[in-house]
Amino acid sequence: MTNERDRLDLLFLTGIEGMTQKKIVEALEVTEASPSELLGQIEKFKARLLDIFGEPLYHLTASLNNGEYKNGLLSALKNEGANFVTFLDDGYPENLREIPDFPIILYYKGDAGLLNGRLFSIVGTRNPSAYGRRVTKEFAEELACAGFVIVSGLARGVDSIAHRAALDNNMPTVAVCATGIDAVYPAENRGLAAEIIESGGLIITEYKPKTPPMSYHFPHRNRIISALSRSVLVTEAGENSGSLITVNYAVDQGKNVYIVPGGIYAAESKGANKFLKKFQGALVTEVNDILEDNNLCGRKRVNNGIELDLIENLIVTELEKGEKHFDELLSLTGLEIGKLNAILMSLTMIGQIEETGNNYYYIAK
Amino acid sequence: MLSKITGFGLDGLIGYEATLETDINAGLPGMDIVGLVGQSVKESKERVKSAIKNSGFDFPIKKITVNIAPADIKKDSPHFDLPIAVGILAASGQVASGYADFIMLGELSLDGTVRRINGVMPMLISALQSGFKRFIIPHENMNEAAFIEGLEIYAVKNLTDVCGFLNGDIELKPIEFCSYHSALAKSSYNSDFSDVKGQLKAKRAIEIAVSGGHNILMIGPPGAGKTMLAKCIPGIMPSMTFDEAIEVTKIHSVAGILSLDDGIVTVRPFRSPHHTATTVALIGGGARSKPGEISLSHNGVLFLDEMPEYSRYTLETLRQPLEDKTVTVSRAMRTVEYPADITLVASMNPCPCGNFGSKTQRCSCSPFAIHKYLNKLSGPLLDRIDLHVEVDGVAFEEMYDGKKAEASSIIKNRVEETREIQRKRFENETVYTNSSMGNSQLSKYCRLDASSEKLLETAFKKLNFTARAVTRILKVARTVADMEKSADIKSDHIAEAIQYRSLDRKYRLV
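Protein chains in written order, with this note's numbering: chain G, 1 to 365; chain L, 1001 to 1510.
Keep in mind that the hints are not guaranteed to be accurate.
[As the list claims (entries may be wrong)] Capping the alpha-carbon separation at 20 Å, the derived lysine to any residue pairs in SDA-like fashion look like this: (1) Lys-339/G <-> Glu-1406/L; (2) Lys-1404/L <-> Ser-331/G; (3) Lys-1461/L <-> Lys-278/G; (4) Lys-339/G <-> Lys-1490/L; (5) Lys-1462/L <-> Ile-311/G; (6) Lys-1412/L <-> Ser-331/G; (7) Lys-210/G <-> Pro-172/G; (8) Lys-1461/L <-> Leu-276/G; (9) Lys-1454/L <-> Ala-1467/L; (10) Lys-1372/L <-> Ala-130/G; (11) Lys-1490/L <-> Cys-145/G; (12) Lys-1197/L <-> Ser-331/G; (13) Lys-324/G <-> Gly-1393/L; (14) Lys-339/G <-> Asp-1449/L; (15) Lys-1197/L <-> Glu-328/G; (16) Lys-339/G <-> Thr-1279/L; (17) Lys-1485/L <-> Lys-324/G; (18) Lys-1404/L <-> Leu-330/G; (19) Lys-1462/L <-> Pro-172/G; (20) Lys-1485/L <-> Ile-337/G; (21) Lys-1372/L <-> Leu-192/G; (22) Lys-1197/L <-> Leu-329/G; (23) Lys-1376/L <-> Glu-188/G; (24) Lys-1372/L <-> Arg-190/G; (25) Lys-1462/L <-> Asn-256/G; (26) Lys-1376/L <-> Thr-1279/L; (27) Lys-1461/L <-> Asp-168/G; (28) Lys-1197/L <-> Gly-338/G; (29) Lys-1372/L <-> Ile-311/G; (30) Lys-1462/L <-> Arg-126/G; (31) Lys-1049/L <-> Asp-1032/L; (32) Lys-1461/L <-> Leu-192/G; (33) Lys-1490/L <-> Gly-338/G.
[Claimed, not checked] Per the computed footprint, the stretches of chain L lying under chain G, defined by three or more beta-carbons under 8 Å from a beta-carbon of chain G, are: (34) 1274 to 1280; (35) 1366 to 1377.
Source of the hints: derived by calculation from the structure; they are not laboratory data. Quick reminder that beta carbons are idealized off the backbone N, C-alpha and C, glycines included.
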């Protein structure tokens, strides 16, 4: 068990300029000794730091004793309503301890208890096609409703859609950021981040407060996304998508990897398809593939006890065969435009069907 | 000698009486025009001099002073040429005294021809209200003047005719009155909905918009037919009443865009300014406080194609006129009010490249770019647009199936019926259409039954609507109910109205 002083020392160490995660991890020799063995050896850890850093340790200890610096860091966390957990603490997620370059400290905001739940990571391109958006939404919704806590990176595109899908179904979600806990990148996701917290979700990061988003943070952050959960799903990934880095981490960490295939000509799917060739077992084409793998059964189509009338049934049956344009439905049903509009809207509202934009409708899963 | 002639000036759409005094005295030969005159009136002396000489009269080689009263209003229009010329001729005894009975308007050419002028209609109407009856106007402006009853108007071609007429040497016949209905019967629109294939959903939305006086936004990829649909809209609006036509004609006359052949505007205007339009071009203003596009499309359609491409500032200036249905243009010298009761029809792509959501084309826009694009339309502006509708490309079979779509005239009949319902409903109110209902009218005329209330509540929660969006939905639902001649708003009407809030639902950033 750790005492408060050790915890704070770690906090400030990671907060010191030039004291990278990697150096501390090296200091701990985690490649040789598991973190659990290091528990209770905090004095030895400090001695090792002295060996490794020699001269800088003077500044280091000076910083440690610098009240202004300490208070600044602590008050930044307090202002944000954030907290932190070190690898020495009980609350530190066990999954993370198992990876070689685990973060020394996790700053978090929200319900940290989620980290011990059943987590499921969804990643993908920042610029998804209509197909990718639909896949992500459908898979994220189903998985969230099946009881998984969706983990993603709060980035644009697939990440945001996955978080949003969980929120829309009133399920908590975990965002792993590549910035300080008090910053949100991209800025347009500020609202989303706030909603994640409000709805009982969690935002975590290994970076100290006020850390700006640096390009090298993102790939590094991905190891946490994959490490937190047992499975990683890629819904759509282009040739150079960062989500493929997550897949590589997941493979190294021995996680389940699921990849949704895309069209062979679609630039947005090049990366995912390429990886599918390598990991053929990762191929999934429906949510049930994942659920069966995890011994779960899918969510029953919610009907809310609403009885569909004849014409509504006709529309649902037609849409089950595939996407249909508004005009096609019009000639199929022979309804007036206004009436069809109204029926399609009410079917959308009870969650039976959805609209793609461009006046196409499809059945909601 | 001194002569006095009554002329007319124009301040915005309101005419004012202007007295032209001409004094010819001994002194150094020359001519001065005073009375806060602008450049075009100052230059008038050169035109008048040549016109008088070239018409065979003598230009007095004396000191000529012309004063145009009242001297506190800036006069900057060449239509004072004719009264100035006649004033000089009268002061030098070349024209008999008959001139005092007439109000003269006209610009002179160097050879003495009387040229067309702008703003004849508003000036004649103001003059009529001030009790003037007899006018001399340019021949080219004849058609425009023919629609005003109770005036004795003579159309002249040149200065010689004017003097001959005033001297009693030539007989002129006053212009014959022309009834508005005969002109209206001859009018027709270029674009007809029967030529627009498919697009059933968009057409329905447009019909709702026109029926209830709502503004509408069409969202769709390039080439989907948004512009074509928009051009058809004036054709299904109710025919303009005489008063409406006069209002439009006045504005067009002042702006100088009135067709010389028609004389009166019988078709509802359709204005489509390019997106580089400046704020002044759109709202009105400039040194002469000219009407802007929003006033030129008064009683008609202002079509803003590619709306997010307009400058944000320019778009924001539309907010007040859209609410007040009039625009006040204030400049240092004058404040002018122009009517601006328009149906705003806007179009936009779903994203900068236009392919967002497309099944066949790849959208190359980042979510941030889309966000930025959509954000160019501010919330308050979008709040003034009740319907959003998606327009998508027409399938090949539809284009060549040879079937004619419903004609504009049939739709127009339905629209007029729906407008009639609203006219009766708002008989004792200050509003005319469902779109302009205020809060008190909303609670009075948009009561919902339990099932509609529940639907709206679900939508509010599920689709994250704002309170403002709900108001829009209620208004549109009222119109849909009116179209079906239903006294109550039913849940179907609400459901359809929700369908037209796509910007609130689909394009919400995740």
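Results of checking the hints against the structure:
1. Lys-339/G <-> Glu-1406/L: Satisfied, since the Cα-Cα distance of roughly 18 Å is no more than 20 Å.
2. Lys-1404/L <-> Ser-331/G: holds, 16 Å
3. Lys-1461/L <-> Lys-278/G: Judged against 20 Å, a Cα distance of about 44 Å means the pair is violated.
4. Lys-339/G <-> Lys-1490/L: Roughly 12 Å separates the two Cα atoms, so the pair holds.
5. Lys-1462/L <-> Ile-311/G: violated, 24 Å
6. Lys-1412/L <-> Ser-331/G: violated, 24 Å
7. Lys-210/G <-> Pro-172/G: Answer violated: Lys-210/G to Pro-172/G is near 25 Å, above 20 Å.
8. Lys-1461/L <-> Leu-276/G: Violated, at about 40 Å.
9. Lys-1454/L <-> Ala-1467/L: Roughly 15 Å separates the two Cα atoms, so the pair holds.
10. Lys-1372/L <-> Ala-130/G: The given pair, whose Cα atoms are some 19 Å apart, holds under the 20 Å limit.
11. Lys-1490/L <-> Cys-145/G: Since the Cα atoms of Lys-1490/L and Cys-145/G sit roughly 34 Å apart, the hinted pair is violated (cutoff 20 Å).
12. Lys-1197/L <-> Ser-331/G: holds, 14 Å
13. Lys-324/G <-> Gly-1393/L: holds, 14 Å
14. Lys-339/G <-> Asp-1449/L: Between Lys-339/G and Asp-1449/L the Cα gap is close to 18 Å, so the pair holds against 20 Å.
15. Lys-1197/L <-> Glu-328/G: holds, 14 Å
16. Lys-339/G <-> Thr-1279/L: violated, 41 Å
17. Lys-1485/L <-> Lys-324/G: The hint is violated at about 31 Å.
18. Lys-1404/L <-> Leu-330/G: Within the cut-off at roughly 17 Å; holds.
19. Lys-1462/L <-> Pro-172/G: With Cα atoms ~17 Å apart, Lys-1462/L and Pro-172/G stay inside 20 Å; holds.
20. Lys-1485/L <-> Ile-337/G: Status holds; Cα separation ~16 Å.
21. Lys-1372/L <-> Leu-192/G: Holds, at about 17 Å.
22. Lys-1197/L <-> Leu-329/G: holds, 17 Å
23. Lys-1376/L <-> Glu-188/G: holds, 15 Å
24. Lys-1372/L <-> Arg-190/G: Judged against 20 Å, a Cα distance of about 15 Å means the pair holds.
25. Lys-1462/L <-> Asn-256/G: violated, 34 Å
26. Lys-1376/L <-> Thr-1279/L: holds, 16 Å
27. Lys-1461/L <-> Asp-168/G: Satisfied, since the Cα-Cα distance of roughly 11 Å is no more than 20 Å.
28. Lys-1197/L <-> Gly-338/G: Status holds; Cα separation ~18 Å.
29. Lys-1372/L <-> Ile-311/G: Cα-Cα ~40 Å, so violated.
30. Lys-1462/L <-> Arg-126/G: violated, 26 Å
31. Lys-1049/L <-> Asp-1032/L: holds, 12 Å
32. Lys-1461/L <-> Leu-192/G: Within the cut-off at roughly 17 Å; holds.
33. Lys-1490/L <-> Gly-338/G: Since the Cα atoms of Lys-1490/L and Gly-338/G sit roughly 12 Å apart, the hinted pair holds (cutoff 20 Å).
34. 1274 to 1280: Violated, because only 0 residues of the stretch 1274 to 1280 of chain L bring their Cβ atoms closer than 8 Å to Cβ atoms of chain G.
35. 1366 to 1377: holds (count 4)
In terms of the numbered hints stated before, the structure departs from hints 3, 5, 6, 7, 8, 11, 16, 17, 25, 29, 30 and 34, listed from lowest to highest.
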